[in-house]
Amino acid sequence: MTTSTTGALAPPAVPAPWTMPDKGKVGMLLLIVAESSFFAIFVIAYLFYVGKSLNGPFPADVLELPILGSICLLSSSVTIMLAIRALRAGNRSRFNLWWLATILLGLEFLIGTGMEWYGLIVRHGLWIDTNLFGTTFYSLVGFHAFHVTVGLLMLTLVLIFGLTGSLAPEHAERTEILSWYWHFVDTVWVVVFTVVYVVGR
Amino acid sequence: MLSAVAACASGIGRAIAADAPVDAIPTMFEPVSTPAESIRSLSFLVMGISGGIFVVVTAVLFYCVWRFRARPGDDREPPQVYGSNQIEWSWTIVPILIVLVLFLATARTINELQASEVPPEALRVTIVGHQWWWEIRYPDLGVVTANELHLPASRPGERRPTYLHLESADVIHSFWIPQLSGKTDVVPNRRNLMWVEPHTTGTFLGQCAEYCGTQHAKMLLRAIVHEPGEFDAWVAAQKQPATVVDAVADGRAIFQSTACINCHTVEGTNANGRFGPDLTHLMSRTTIGSGAASNTPENLRAWIASPDHFKPGALMPAMQLADNDLDKLTAWLLTLQ
Amino acid sequence: MTVLEEGIARPHAAAERASAWSVAHDWVTTVDHKKLGVMYVASALMFFLIAGFEATLIRIQLAVPNNDFLPPDTFNRLFTMHGTTMVFLVGMPMFFGFANYLTPLMIGARDLAFPRMNAFGFWLFLFGGILLYFSFLGGDGLYGAGTAPDVGWFAYAPLTGKAFSRGNSTDYWILGILVSGLGSTGTALNLATTIFTMRCPGMTWSKLPLFVWLMLVDCLLTLVILTPLTAAQVMLLLDRYLGAHFFDTQAGGSAVLWQHFFWFFGHPEVYVLIMPAFAIMNEIVPVFSRNPLFGYPFMVGATVLIGFISLSVWAHHMFVVGLSPAANTFFALSTMAIAVPTGIKIFNWLGTMWGGKIRFTVPMLWCTGFLFSFVIAGLTGVMLAVVPWDWQLSDSYFVVAHFHFVLIGGLLFTLFAAIYYWFPKVTGKMMDERLGKLHFWVFAAGFYLTFVPMHFPGLLGMPRRIYTYEAGRGWDELNLISSLGVAVQLVGLSFFLWNLVRSLLRGEPAGDDPWDAWTLEWSTTSPPPEYNFEQIPVVHSRRPLWDLKHPEDPDWRYE
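Protein chains in written order, with my numbering: chain A, 608 to 808; chain B, 796 to 1132; chain C, 43 to 601.
There may be inaccurate statements among the hints.
Said to hold, decoys possible - Derived DSSO-like pairs: lysine-lysine, alpha-carbon spacing no greater than 30 Å straight-line:
(1) C:K249 / C:K77
(2) C:K249 / A:K632
(3) C:K249 / C:K399
(4) C:K77 / C:K479
(5) C:K249 / A:K630
(6) A:K659 / C:K249
(7) C:K471 / A:K632
(8) C:K399 / C:K479
(9) C:K399 / A:K630
(10) C:K471 / C:K399
(11) C:K471 / C:K591
(12) B:K1123 / B:K1034
(13) C:K479 / C:K249
(14) C:K471 / C:K77
(15) C:K399 / C:K591
To be verified - Taking CB as the label site, the calculated pair distances span:
(16) C:S366 / B:E916: 20 to 26 Å
(17) C:S366 / B:E1022: 35 to 41 Å
(18) A:L661 / B:P1107: 53 to 59 Å
None of these hints come from the bench; they were simulated from the model. If you're wondering where the values come from, they're calculated on a predicted model, not measured in any experiment. Positions of the beta carbon are idealized from the N, C-alpha and C atoms, including for glycine.
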């Protein structure tokens, strides 16, 4: 606090430049918070009903560890990071490559899920109305797959931008924000995998 | 001869029920049973503390409003006060202490009142909530009735509390007779346990306290507390099979050949439905329709003709009987003491 | 002059020729936070009148025992729609309306972070509400008469299952709220992002107006709790249409699980509803006491604490469901604990008034009324936290009286205060002071007449949600008085509506700063221009306008 003989005082200095966090990043983080809450309810329902189905099929009888799908999905988090690094460095073709790899890995995950569901429905007769396991399994895994699908649609849109040469290093920030969504979807899969295929069986 | 004795015994039981004074106001502040008494004691502490806080805070508010109102014409700003850590801490610590006191009293009463197992000397009752009536079974005594819970008074020398297992046949209801105890919900696919221990005889009122559909408002309860001897007499009367009176055999025949038997049970006939109340001792109860109307011959006849008249939306359909069939059926039902 | 120069020289020419069509088009397509804020509040007022009408019908039916003014089905729909409307279509849009209008102005920004998403959120809310009310026409499916939901605003399972709720009435409850809820989640995200990222230079966290602090905590709370409701509603839809068994007790499902999910949303939701009331108090009480808010850091701390603790109290709505003694004890403790920071707020407001020079303008009258009512509401709440007391009084009229004290004596009183306080800023005109005082005294009298007596039937054994009751249980006169109080409230409300209309048409010009206040919104014109500020302001304290008006004694010397 400074004073002068005339009594005029100087207010505390305002830091210049005045920097605030990026809107897109904060917005995406908050979206992830809301979505985490959403998934948490389905996870809690799954855990609550473990072992409580009145009739089969039961998890241990019909579930197999989705190893390939999980490896693909988790690797896609790595490839998306590599893509963004390439874009930052200005290497558009390398970006397109890694970005495409991400999409293909995500697609493989979805195909794997589809095949798993086909087996469960047709071979084992398990659907959402069969028992509590069916109800909680299809809703939890289904909503996750839905979020993967939405993510893939967004990624494909960006791929189109990339392939038509519309992307430049200054878009790396925005693309990174999209990648956070993708990382979130992957993290949810880690939780779903643990709860459904490890704990629940 | 046997049936005459049975008619006598149940008649006595019914007379007792009819003469028992009805405690018309179901208030938690006139408890007659141990759990309700504990809750009332606790509530004096709670109301005392809350009342004290209210008086103090309101007094400060009124003082502020009077003392610090702006006088007309005075436009100068008062000295600007930004806060005081000491004052803040003091009015944080004091409420924390008050909360602690309240919490300890609460925790103690929870443990005192929440039942975990049924003691050997207790009377067991199973209550099943239905849309919109109460099924009441005494599994150890082989007695089934509806809407009226008969209980023995529990005296200090020979304690006989009643433990209620609570179940539901359809949606969530809540069993509440304030003078006996706090309420507990009856939840489908779940078994809850509560207990009561009435000390005085009489009839005490309650009703369903969880919204359960159209006629939630008319799912009334009556608890009738007897001297232990009278309670045994009531049980004995209830255990008898249905009275057989030849004069009304026509009515019984109508009953047994109509859809009535799909929903109702009458011991000694081919009716063993569980959807509606057991009618074996229908006339030993003071109301019909779970309190929707008093149990008189006129009301009974009108109920069978159209339950919707008393309880719109009730799940019992209008029975579409011809008038004289209805008369005969009613006459028979009136013998089910 | 070129066309461009002409356009600049006569900027209002187009406005003078504005037709009703172009005005409507402007409002319907706007992304301006101020217009959206006004639309939120106007829609909330409309739904408030509808829900108030529903309540009036309910109180007519309950005025005397064994009344036949309404059949049971209609009554059950009315209380369901009344509760659902007041919580989701009045409380929430009032929160978002005021937050939307004031937040950018108070933090020195030009709009929210995502203006188009803001508009989207508003229209989702409005159409969700209309969808809910469409149930009166379409609720029973193609061939039925059409019925609104009748399952209560918290829609307990399994009453909401296909077996017990036939037709589509419950689906309208689910979908109307779900759609509205998506809008609310988006707007909460938008507002929080705005507050995090668009504060003007100098506005650090410790210089943020408390109104904005509370809106931030409120939005973050909303983000955490609203999607769980969405999840539970999706589960209910899956049960009803795909044969899932989330809450299907016949298949081993749990009715109590719905209650846990719903109340995990539902309890923090009531804090989401009341925090705007606290936010409004934080702005109005200091201005009319001529004192800064007492204990700013403690107020911030108390708010954050309330936000966190509110996530841990939900099962106090389930004390009678048969949870274990350990669970009941835990939730009793957490519920009592939240009373401490709430009490601190009340004491701080009293501390703000203490030593001040209180001007009892209409906004201040409402805020004083809040203080009196909210103490009562909070105390009956603490009483209900005492679990055995709750075993008697849960689901009784004692609880109904408690939460109406919170929502009317608490929230509605401050909403009226806010309308009278910020109406001049929004419209450029003052509301009539005399009519406003009539509104206050008459409405408050009616409110007390209805809701003070309402505690007693609960103590005397009257459960809630009953379409009629037996005579002679000691409930008769009390219910009649409660019903008569509604008539008085309606008179008070009519003064308010008349005041609104009259002031809009010919209120006194307000000027920029009619109340001699201290936050940034009062530095703009009334109404503010679309861009809010010609230049983004720089602030040095919590009361930038105090600093400007009192250069010899600025706040930043003391903060």
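Here is what the structure says about each hint:
no.	hint	result
1	C:K249 / C:K77	holds (27 Å)
2	C:K249 / A:K632	holds (23 Å)
3	C:K249 / C:K399	holds (24 Å)
4	C:K77 / C:K479	holds (28 Å)
5	C:K249 / A:K630	holds (20 Å)
6	A:K659 / C:K249	violated (53 Å)
7	C:K471 / A:K632	violated (40 Å)
8	C:K399 / C:K479	holds (19 Å)
9	C:K399 / A:K630	violated (42 Å)
10	C:K471 / C:K399	holds (25 Å)
11	C:K471 / C:K591	holds (23 Å)
12	B:K1123 / B:K1034	holds (25 Å)
13	C:K479 / C:K249	violated (34 Å)
14	C:K471 / C:K77	holds (17 Å)
15	C:K399 / C:K591	holds (18 Å)
16	C:S366 / B:E916: 20 to 26 Å	holds (25 Å)
17	C:S366 / B:E1022: 35 to 41 Å	holds (36 Å)
18	A:L661 / B:P1107: 53 to 59 Å	violated (36 Å)
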